[in-house]
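From first to last, the protein sequence lines are chains A and B. For the first sequence, UniProt numbering assigns the number 1 to the initial residue and increments by one for each residue that follows. For the second sequence, UniProt numbering assigns the number 1 to the initial residue and increments by one for each residue that follows.
Read the hints as simulated data drawn from the structure, not as lab findings. Just to be clear, a hint being listed does not mean it is correct.
As the list claims (entries may be wrong) - Simulated coverage check for chain A against chain B, where a stretch passes if three residues somewhere in it have a Cβ under 8 Å from a Cβ of chain B: (1) 34 to 41; (2) 98 to 105; (3) 144 to 152; (4) 165 to 177; (5) 189 to 203.
Claimed, not checked - With a straight-line Cα cutoff of 25 Å, these simulated SDA-like cross-link-like pairs (lysine to any residue) come out: (6) Lys288(A) / Ala127(B); (7) Lys288(B) / Gly141(A); (8) Lys288(A) / Asp242(B); (9) Lys288(B) / Lys288(A); (10) Lys288(A) / Arg148(B).
Said to hold, decoys possible - Cβ pair distances, simulated, as ranges: (11) Asp144(A) / Ala328(B): 29 to 37 Å; (12) Pro113(B) / Phe270(A): 39 to 47 Å; (13) Arg251(B) / Ala178(A): 33 to 41 Å; (14) Gly240(B) / Arg243(A): 30 to 38 Å; (15) Gln31(A) / Lys54(B): 40 to 48 Å; (16) Glu143(B) / Asp316(A): 57 to 65 Å; (17) Leu301(B) / Arg26(A): 27 to 35 Å.
Since the model is a prediction, treat every value here as computed from it, not as a measurement. C-beta: ideal position from N, C-alpha, C; glycine also.
There are 2 protein chains.
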Amino acid sequence: MRESGTHPGPVAGAESVSAELDRLLRGRAAQAARYGSEFARLWQHARERAIGGKLLRPRLLLGAYDALIAPGVSVPLTHAAVVRMAAMTEILHYAFLLHDDVIDGDLTRRGRPNLIGAVLRERQDRAGAPGETPADGAHGGREDLDRRWAETSGILMGDLFLSMAHQLVAREALPGPARDRLLDLLDHTIVESVAGEHLDVALSTGAIPVTRDAVLRMSQLKTATYTFELPLRAAAILAGADRAIDHSLARLGQALGLAFQLQDDLLSTFGHPDEHGKDAFSDLRERKETALIAHARDTALWPEIAARWGGGELSDADCRTIREQLRACGAERAVESLVADRVAQCREICSSEEAGLPRPLAAVISALVAELTGRRA
Amino acid sequence: MRESGTHPGPVAGAESVSAELDRLLRGRAAQAARYGSEFARLWQHARERAIGGKLLRPRLLLGAYDALIAPGVSVPLTHAAVVRMAAMTEILHYAFLLHDDVIDGDLTRRGRPNLIGAVLRERQDRAGAPGETPADGAHGGREDLDRRWAETSGILMGDLFLSMAHQLVAREALPGPARDRLLDLLDHTIVESVAGEHLDVALSTGAIPVTRDAVLRMSQLKTATYTFELPLRAAAILAGADRAIDHSLARLGQALGLAFQLQDDLLSTFGHPDEHGKDAFSDLRERKETALIAHARDTALWPEIAARWGGGELSDADCRTIREQLRACGAERAVESLVADRVAQCREICSSEEAGLPRPLAAVISALVAELTGRRA
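Between the sequences and the hints, there should be enough to build the whole structure, so can you do that?
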């Protein structure tokens, strides 16, 4: 899911998360200097990019945690510990982005060079300087070497961020059962996110057939689990909530996550770029296997859509035509109805006695759902 | 460092490590089936490759642990816990191999397809089957898509193995200070290994100049830390040894690791392939920046060596010529003397009062050193 536009979570404590992230990454970057200037420089690029996001996941965690703690009740954890766990979700997020970008061969994110793009540009700038020729015997041309260097940086930095996320959870002085539950949750999150990324690449490289179910499953695994289920359930574990609440939040996170992703797909294709702030038609141009496309594949209009979508570079006029075709074949309406289903499911979980969500938490979730349904960006 | 040839460690408990690895990976592979047959298949490839290594690191850990525990003294840990931590070192090793192979673009390891090679081959075999064409709109040609699919598999499986290593340490029921020390050691190991890999690619892509010091530093960071320092220090922590012993083992691990790597470089170039079992001249053919090459760069013979080494495919005759030139320019002798220095350093640490190594441990290390110096394979 993209991170532009308004955010769904509450804002409590976002500043403390930024400060904690800054502190953590500053420490790591300082330590990196020990391994030479190239490694220090890599850390600098990573730090600049890992900080300054919208902190969607940390804010969701903090908002849910606050809502789960009854006022005046003593809590087993310091505020600092909760903030650290919130920062952990952002670090995990950046680890996934780093490896995603290597896998997709992307050089930009949110309109500016990502880590790979920055390393590549820096290297190309330097290549003009005298004495900077490839080592004797280095394989491949200049361009291949530069690219390999930049992608290596992305893989390795992703490994470090993934390790940091584990270290943060493992070192937190939580009561034994809470630590084990949080470790379980982290493990589950990573396995699902990896399985989702694997499925995404399976779909986009033709390893498995593109069906609507496979695309929805991919979105849930790749995005809903770490963006919604992880922060919500981590909040429950940290607040000492019982397993019934944890279980309800797992279902809720999946439904919310899928609703947000599908809404994102709709906005990116049918929304106004001035409002959502993304490149108009970037999903179409990148030929993303969204739920819209998956639906369209099963309709009579598909051969006509595919003739354009499956071809070369798409002009604005091509994209406008495809957009109208996606509307005409019923894909827009079908995805809107999928969103509505998930929203209804969220509302049901929030209001059901059985799900056992405390009222303040249900209110936080309802606000999120309302924001989602009114979302234009 | 390669893993062929005889091993330096003691054999105690290797079977229990194999059994533990098998149990752990079987559980993970079974869980993977939940995410579809492609993901399950990936796990099968990974499991086949992660098991069946020579268990150099686990055996070193177990050997050192046994030597650190005085007979008859009660120990704080079960044997099963020590075996799990030994298995962890092998899991970390395989995580590094997976990302290494993606970074180097390698498709084989020890003469058989690695994970990437196996996934690629399977996909190519299947591409002959009807209905297996790329999805409409998939980027790039068939070959690019296949390669991207295979490398994605390597990146993602590496992430899972890296996560597993952390989970194993984090979940072990160790006394608090031991767990924190082991987490510190794991963190240190990963940072150094990543910095070493980064330096390796910096050298091989021409990002920094190739010097002997940089090559030695790279070998220590990339290999010595996780192959020798980690198992030795983990043994010390698990056995409850004091910090002085831990510190001595850190120095020892670095010296031993570098000695083994340099000996490996010598054998690979000057040893007999029938004895070391590797492709003759593979280091030369892959244009590895070894200490031999780094030394040769500073000699008058370099222009002549570089004319061959820096050119196209190397024939057997080319390699034999380069080998003679590496001898003639003094590179072989210089590297032998580096090995001798490190061996002397190990012996000094083993015998010094100040280093405080218990006698049985010093004996284990001395046996390793003796094996190293007599090593032909």
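Hint-by-hint comparison with the structure:
no.: 1; hint: 34 to 41; in the structure: holds (count 4)
no.: 2; hint: 98 to 105; in the structure: holds (count 4)
no.: 3; hint: 144 to 152; in the structure: holds (count 6)
no.: 4; hint: 165 to 177; in the structure: holds (count 5)
no.: 5; hint: 189 to 203; in the structure: holds (count 11)
no.: 6; hint: Lys288(A) / Ala127(B); in the structure: holds (22 Å)
no.: 7; hint: Lys288(B) / Gly141(A); in the structure: holds (17 Å)
no.: 8; hint: Lys288(A) / Asp242(B); in the structure: violated (56 Å)
no.: 9; hint: Lys288(B) / Lys288(A); in the structure: violated (39 Å)
no.: 10; hint: Lys288(A) / Arg148(B); in the structure: holds (16 Å)
no.: 11; hint: Asp144(A) / Ala328(B): 29 to 37 Å; in the structure: holds (33 Å)
no.: 12; hint: Pro113(B) / Phe270(A): 39 to 47 Å; in the structure: holds (46 Å)
no.: 13; hint: Arg251(B) / Ala178(A): 33 to 41 Å; in the structure: holds (38 Å)
no.: 14; hint: Gly240(B) / Arg243(A): 30 to 38 Å; in the structure: holds (36 Å)
no.: 15; hint: Gln31(A) / Lys54(B): 40 to 48 Å; in the structure: violated (32 Å)
no.: 16; hint: Glu143(B) / Asp316(A): 57 to 65 Å; in the structure: violated (31 Å)
no.: 17; hint: Leu301(B) / Arg26(A): 27 to 35 Å; in the structure: violated (47 Å)
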